[in-house]
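Colleague: These are the residues of each chain, in order.
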Amino acid sequence: MIKDDSIIKITKLNKWYGKFHALKDIDLSVGTTEKIVICGPSGSGKSTLIRCINRLEVHQEGSIKVDGIELSDDIKQITEIRSDVGMVFQHFNLFPHLTVLENCSLAPIWVRKKSKVEAEQMAMELLEKVRIPDQVNKYPGQLSGGQQQRVAIARALCMQPRIMLFDEPTSALDPEMIKEVLETMIELADSGMTMIVVTHEMGFANRVADRIIFMDEGQIVEQNDPDSFFNKPQSDRTKLFLSQILDH
Amino acid sequence: MSLNSNKFERIPDRLPPINSIGWVAWVKQNLFGSVSNTLITLLFFYLIFLYIPPFLDWAVFNANISGTDRSVCDDNKSGACWTFVKVRIEQLLFGLYFTLNPDQTWRPILAFIVFACLLIPLVIERTPHKKWLLLTLIILYPVFFVSVVGGGVFGIPESDASQWGGLLLTFALAFVGIVLALPLGILLALGRRSKMPIVRSFSIIYIEFWRGTPLITILFMASVMLPLFFPSGVEFDKVVRAMIGITLFQSAYTAEAVRGGLQAIDKGQTEASMALGMGYWQQTIFIILPQALRISIPSIVNTFIALFKDTSLVSIIGLLDLLKIAQNSSRSLDWNGYDIEAYMFAGLVFWMFCFGMSMYSQKLERKLDTDRNTE
Numbered sequence: 127m128i129k130d131d132s133i134i135k136i137t138k139l140n141k142w143y144g145k146f147h148a149l150k151d152i153d154l155s156v157g158t159t160e161k162i163v164i165c166g167p168s169g170s171g172k173s174t175l176i177r178c179i180n181r182l183e184v185h186q187e188g189s190i191k192v193d194g195i196e197l198s199d200d201i202k203q204i205t206e207i208r209s210d211v212g213m214v215f216q217h218f219n220l221f222p223h224l225t226v227l228e229n230c231s232l233a234p235i236w237v238r239k240k241s242k243v244e245a246e247q248m249a250m251e252l253l254e255k256v257r258i259p260d261q262v263n264k265y266p267g268q269l270s271g272g273q274q275q276r277v278a279i280a281r282a283l284c285m286q287p288r289i290m291l292f293d294e295p296t297s298a299l300d301p302e303m304i305k306e307v308l309e310t311m312i313e314l315a316d317s318g319m320t321m322i323v324v325t326h327e328m329g330f331a332n333r334v335a336d337r338i339i340f341m342d343e344g345q346i347v348e349q350n351d352p353d354s355f356f357n358k359p360q361s362d363r364t365k366l367f368l369s370q371i372l373d374h
Numbered sequence: 184m185s186l187n188s189n190k191f192e193r194i195p196d197r198l199p200p201i202n203s204i205g206w207v208a209w210v211k212q213n214l215f216g217s218v219s220n221t222l223i224t225l226l227f228f229y230l231i232f233l234y235i236p237p238f239l240d241w242a243v244f245n246a247n248i249s250g251t252d253r254s255v256c257d258d259n260k261s262g263a264c265w266t267f268v269k270v271r272i273e274q275l276l277f278g279l280y281f282t283l284n285p286d287q288t289w290r291p292i293l294a295f296i297v298f299a300c301l302l303i304p305l306v307i308e309r310t311p312h313k314k315w316l317l318l319t320l321i322i323l324y325p326v327f328f329v330s331v332v333g334g335g336v337f338g339i340p341e342s343d344a345s346q347w348g349g350l351l352l353t354f355a356l357a358f359v360g361i362v363l364a365l366p367l368g369i370l371l372a373l374g375r376r377s378k379m380p381i382v383r384s385f386s387i388i389y390i391e392f393w394r395g396t397p398l399i400t401i402l403f404m405a406s407v408m409l410p411l412f413f414p415s416g417v418e419f420d421k422v423v424r425a426m427i428g429i430t431l432f433q434s435a436y437t438a439e440a441v442r443g444g445l446q447a448i449d450k451g452q453t454e455a456s457m458a459l460g461m462g463y464w465q466q467t468i469f470i471i472l473p474q475a476l477r478i479s480i481p482s483i484v485n486t487f488i489a490l491f492k493d494t495s496l497v498s499i500i501g502l503l504d505l506l507k508i509a510q511n512s513s514r515s516l517d518w519n520g521y522d523i524e525a526y527m528f529a530g531l532v533f534w535m536f537c538f539g540m541s542m543y544s545q546k547l548e549r550k551l552d553t554d555r556n557t558e
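Each protein sequence line maps, in turn, to chains A and B. Residue numbering for the first sequence follows this note's numbering, starting at 127 and increasing by one per position. Residue numbering for the second sequence follows this note's numbering, starting at 184 and increasing by one per position.
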């Protein structure tokens, strides 16, 4: 599974919160255009892992290379990696004092140094792609949860990232809204984006994932392609987890 | 969806019952809603009836405004003596220098008019280029103020700042205090939340020191001790010293007001802007501060109103601000005994400025709030 053209290479990653060992010896390579779904019980370290990739969390041991650049304290490198790695959060985290269009064009203007016209043009294109065409001048508080999350996806895409991280993007949504967000994510996957998605939406995992990773207690328990993962899980822990989330 | 039909039919909206809308319903609900509510309402109407008419008789209907000396007022003791305020208005508004040189009063008047011309469009919502107007007010206006009121340039005779007084002095102290304390306070609030230990410690010590010291003490220190810190020959005007003291004091309060707003911002806002590759200052300027300042408008304006009134403490170092000059005038031989009128006039002017600030802050709050959520 591990490809040579990997865009993310994580080796022997360890992370502690105080004395709590949150990530233990994580090894993971992600190939270009690969789609990875990470699942596991809460507290298993899956969000921490993807937050380490764009340095929202700082790891203590091991190395993370994104696009050949090693993550360190170097602010310039962190900024470079962050503008190449888009992230979508569970609670959207849109900027409530800015309009939808401003949410999307702010970072391209100030981080990517694009002109306002260019940034807004691209924002409009992407907002059309996530089907928020006529709401660009509204504020996030005026949109539904599903619409807000699609704006958040468009906002991340406006930076033209090579990798997209999704941290439980549908967990805070009403059931009716989940589908529209997942559809947007499927379209993005089909367009060839490299994606790492932390989610409990197993239908989505089955549909788009090249590889599903199951984590527990800060470790990677098992990783496999969806077919094998769902039908022939190797470890008992995985079997237990699958039985709990699928049989209801 | 009902069980016996497979069609969802929307029930059309109806108006609410007629007795629950309109002013009659409002009065009934809010003033006479219950027995205790009714009693309180009646009590207050009675108190208003008891005190307001006599006050109006004194302040308006029986008041004296004609004449130029106290004889008019002494003849009619049942009304207020506004003649006194009328005769002494230049002194109350502009202080000693401009009273002694009445041909120069156009200078403070011009300064006030220009201030109003800059401020009024700023308050009106639809004005274009507000940013430039604000910058003009903050940067160019003080220069204009000092050259016109202070003189010494363009052939305008120099006026000693320590002889400014009345509203002019109160205004100058408050303006400088507000304009300098806000940016300083923002920096201190950011510093107090900084991850850098030295910056954080400095901010904490600064804020706690100035906040824990009475303004009177600071004004004394600024007046007596500040000159000791500078080499002899460097001499600060008394007014400038008071301005420095007020700014140092005020910035600590403003910092705490801003910090309250900063603390209310969700961590996700920082994370989202970090994830987009924004640096610290970009996050702070574009994402965090606009939201934090909106939240802290009421408490920031509260500190500004307090500052405006606190400027009257400069009388302790011998400056004649509006309140002090009003007091002095009412104790002069010409007008001895009319101190109620003096204090009422000073109080009214203070109130107008403070109420103006309060109204503007409420307006700003409402405007920013509807932007955020019009659902």
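Mixed in with the good hints there might be a few duds.
[Said to hold, decoys possible] What follows is a list of derived Cβ distance ranges for each label pair: (1) Arg193(B) with Asp300(A): 12 to 22 Å; (2) Gly451(B) with Gly329(A): 51 to 61 Å; (3) Ile231(B) with Ser297(A): 53 to 63 Å; (4) Leu214(B) with Glu309(A): 30 to 40 Å.
Just so you know, these hints were derived from the structure itself, not from any lab. All of these numbers come straight from a predicted model, not from anything done at the bench. We put the CB at the ideal spot given by N, CA and C, even for glycine.
Colleague: Check each numbered hint against the structure and report the violated ones by number, ascending.
Modeller: 2, 4
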